[in-house]
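Residue-level listing of the chains:
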Amino acid sequence: MKIRRLLPVVAMALAASAVLVSCSSSTTSSATTGTLNFVNDKSWDFKSFSKVSQKDIKVSLNSSTYADQPAFQAFVKQSFRTNKSPGLFTWHTGDQLDQLVKQNLVADTSSIWKKAVANGQIAKSVEDLYTVKGKQYCTPISVDDWVMYYDKKTFAKYGLTAPTTWTEMMSDAAVLKKNGIAPFWSSGGDPWAFVWFQILLAGTDLQLYKDLSTGKASYTDPKVVAVMNVWLDMEKKGYFSDPGSKTAPETQMKDGKLAMIPFGTWYASTIDQVGLKPGSDWGVFTIPAINPSQGKTPVAIETAPACVAQNSSQKALGLKYSAWWMTSEAQTAWSKQQNNLPYNPKATAATQTFVDAGKELATPGKYETYLRYYEATPQVILTEALDEFTGFMTNPGDPTKYLEGIQKVADTYWKSNK
Amino acid sequence: MTTTTSHKATSYQRSAWAFLGPGAAVVVLVLYLPVLYTVYLSFTTYSGLGSPVFAGVANYVALVQDPVFVTSLVNTLIWVAGSLLIPVGIGLVVAYLSFGLKGAAWLRVPFLIPYALSGVAVGIVFGFVLQNGGALSQALAFLHLPGSETRWLQEAPLNTVVMILAASWQGIGVNALLFTVGLQSIPKEPLEAARVDGASGWRLFRFMVWPLLRPSTTIVVGLSIVNSLKTFDIVQAMTQGGPNRVSETLGVSMYRDTFSNSDYGLGSAVAIFLSIITVAASVIYVRRQLAIGDSSGDTASKDA
Amino acid sequence: MVSKVLRYGILGIMGLIWLLPIYLLLANAGKSTADYSGDALWTPGSVTGLVDNVVAVFQTTDVPSGLGITFVYAIVAPIIAVALGAGIAFAVIVLKVKHGFFWFFVIFCGTVFPLQMMLIPWFSVYAKIGLFDTVPGMIIIYSVVALPFSAFVMRNFFAGIAPSVFEAAVVDGAGTWRIFTRIFLPMSTSALVVVFILQATWVWNDFLISLILTQSPSTRPVMPLLNALQSVEGGGPGYTVILTAALVVSIPTALLFGFTQRFFQRGLSLGQY
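Chains Z, L and A, in that order, give the protein sequences.
If you read the first sequence in the numbering used here, its first letter stands for residue 1, the second for the next number, and so on.
If you read the second sequence in the numbering used here, its first letter stands for residue 419, the second for the next number, and so on.
If you read the third sequence in the numbering used here, its first letter stands for residue 723, the second for the next number, and so on.
FYI, nobody ran anything at the bench for these hints, they're computed from the structure.
Glycine included, every Cβ here is placed at the ideal spot set by N, Cα and C.
One thing to keep in mind: the hints can contain errors.
Claimed, not checked - Derived CB-CB ranges, DEER-like:
id, chain 1, residue 1, chain 2, residue 2, range
1, Z, Asp255, L, Leu576, 25 to 33 Å
2, Z, Val225, L, Gly474, 34 to 42 Å
3, L, Leu576, Z, Ala362, 46 to 54 Å
4, L, Gln431, A, Ile732, 45 to 53 Å
5, A, Val828, Z, Gly275, 53 to 61 Å
6, Z, Ser48, A, Leu977, 32 to 40 Å
7, L, Val475, Z, Val225, 31 to 39 Å
8, L, Gly507, A, Leu741, 15 to 23 Å
9, L, Glu607, A, Val769, 49 to 57 Å
10, L, Leu576, A, Ile732, 22 to 30 Å
11, L, Leu583, Z, Asn291, 46 to 54 Å
Same shape as in the complex, but just chain Z (with noise of 0.2 Å):
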């Protein structure tokens, strides 16, 4: 009975799939018209910064998002086996990018890099985490390091001020607690498990921090247990939010329930959609080191690196982007767009708040920066560790089984990654 009605469907619908095959065939371009694909897993306003680089240099981005990290991941990783690597990407530094340089796959930027330094327009520290074997690669998006935000209301309500060193942030949190407010956010799972142990490890021993990346120290080593004994007792003083929540920390902190959150400072664009306003909601502070014997104050710093596939048809144009967003043009624009901390000296923070800690973070000899664990760990003792936090985090008690278990994936990959 419904049979007429449905065969000319069927028809209908497979002539359709075959013009559209014969329409679609010709969307292979190799032109560089001005338009550059641009594949990237953040959430960020790409199509706003576009209409800049389109008026300023005559390159519009093509963006496509791609926020399942893993999935990205391995998309990339394929893409570089076919025609379709992209002309700019987004990537990590750290064990990451090193896979990437071992395979000969990312575009040297090491010219792009000697301009820039030379003209000021970037730290030599931030080079560092470009560099693989002496050349450079990529160039960075942003640079953020990490930092406390704080609940201005809640901390004047207490009487309470940004704590200057440690043991002042724990009299802080210990006021804060007995009222009843979380003092720390804290969370489980993929990707934020590792915060406390890298707040915890760097500002007490950040040599040992740095060893325990490259393999050179363990995880059972007693100074780390002795670092997480020190993570037991906040847990168990009742320090950090609830890690099973899934309640966004901004959200936390917008209800009155929440009083530091430890972030980079790409933060300031999600905490102000609650709306947070900075200065008069909340403001940051440099996290200071639990063991000031150090000199400097350890800061996590983390960047996000765009890069040039070696192998793609937009070699050319990917690059002059590249070159261009270090820019202090570029990067003023940038930092407006995204209310963060520029790492061009010559372009301008958007808020006051950031201004300051900018200049904070500026002080000579104050200061030293780190990469933060997520990208200085291997990635399969980081998926290990991860889960073996989040254990520790969800049920707190002896810390050792938990190291153990973390070591064990440590041993078998420094075994085989000299």
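Place chains L and A on chain Z using the hints.
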């Protein structure tokens, strides 16, 4: 096997191939070739970059030696059992209760809407309901019922159980729909005859409806087995297999190895292992059921 | 009569419980990100809040731009799958092709292998043969992945049709194609509709396949676009806007279920027995 099932092959072999051929060809081409490639990868070491290096059975050895492998396998089996019990069972209840009622289709709509939701919406709603201090805990506290302090997603095996319930919320409507179609195709005559014999209620269901529903039961149970063995999406969205891998299923292990760790060889080994048990389960279940299905076509003709 | 009331009662209560999570979604989609609170999930939002969020979805996100192409995938691919699946079922059950069970099992086992593992091989091959990031490429994958389910359901449905139907048609002098299209397909409308709506919903909600195999705005369906709104390192719209977007893209599939319900209205009333 073939002689029993393709009993009295008709003289339409040529046109039969015209009907079967296109489908069979594309399935083999699109779905089986990647499997062969994965079988090959499972015997290699491959990071996604460069070329795979032959590694013998090393991946399978590593797989079996991984302590989490057992957890993962056990969780997967809990998923299979739970999916057969809850979504299939309640799906049948919903279909049977609503069948023949006026406005039955609309009574089933609430059960179908969850299936229509996007994965993101489903992930968010389960986050709302099941997180510590979430909607479920808030409701329990409001009603002064126990359990408001329970950490639903953080204790094993509780987290697997509540995730099965969450998956059931989404899956029951589809099962009910498939059962409804099955109920519709049940001939009226035998039921009438049974009623004349005085059968009603449970007896009518158990001895008349249930056997006649077999074609639908086969579909629903067969698909439930296959899909629950492959469970991935909801666990990845809810717990990522955690905390500390206690709620991991084989599907999640596979994704973790392949995509998070770029260990394609190990991930492929998990995938192959998973496929083998799925095929085995399907052979055991589907083959028996389908063989019966074939002959029931004949019995139907005898009855008619 | 009592049993009928009871049946209405049980289904009604269960239905309400089933709708509670939907209520949670709607209630929170009706709040602005500033109003949303993790401690008051049950408090309702406002209609104006919902409207504002819907407007934000259409004005500030890319999600609506993918709706058109998603419709194409979700309609064309399931139709192909249903047609090919019914053909397979017809060949195996009615025409009794030789080694029919073997071939059917081969096709059924196409559902066994985890899809995630197919992505990389599909991508490599598609990039080589020029089907990557094309509409036909996506339709082919979707149709084939939906095919085994379709064949499975249709096979079991045809198994319930008496062989005498086929024999009578042969006596009347009808060819196999005619018997298939004029007799068997019309007899199984509800099964065809079930397969179609379930597969259309699956295609509509697919995320991973389209994430890897499409790239440009003209081929990318809604789910990867929706997913792209939520990255862990900030950016993108507010949480309740994402929630609203996730609901907005669910409307077409929910409507599909609503509109196709009349196909399942028929049937005898078991209550009489």
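Hints and how they fare:
no.	hint	verdict
1	Z:Asp255 - L:Leu576: 25 to 33 Å	holds, 27 Å
2	Z:Val225 - L:Gly474: 34 to 42 Å	holds, 38 Å
3	L:Leu576 - Z:Ala362: 46 to 54 Å	holds, 50 Å
4	L:Gln431 - A:Ile732: 45 to 53 Å	holds, 50 Å
5	A:Val828 - Z:Gly275: 53 to 61 Å	holds, 58 Å
6	Z:Ser48 - A:Leu977: 32 to 40 Å	holds, 34 Å
7	L:Val475 - Z:Val225: 31 to 39 Å	holds, 37 Å
8	L:Gly507 - A:Leu741: 15 to 23 Å	holds, 21 Å
9	L:Glu607 - A:Val769: 49 to 57 Å	holds, 53 Å
10	L:Leu576 - A:Ile732: 22 to 30 Å	holds, 27 Å
11	L:Leu583 - Z:Asn291: 46 to 54 Å	holds, 48 Å
Hint compliance for this structure: no hint is broken.
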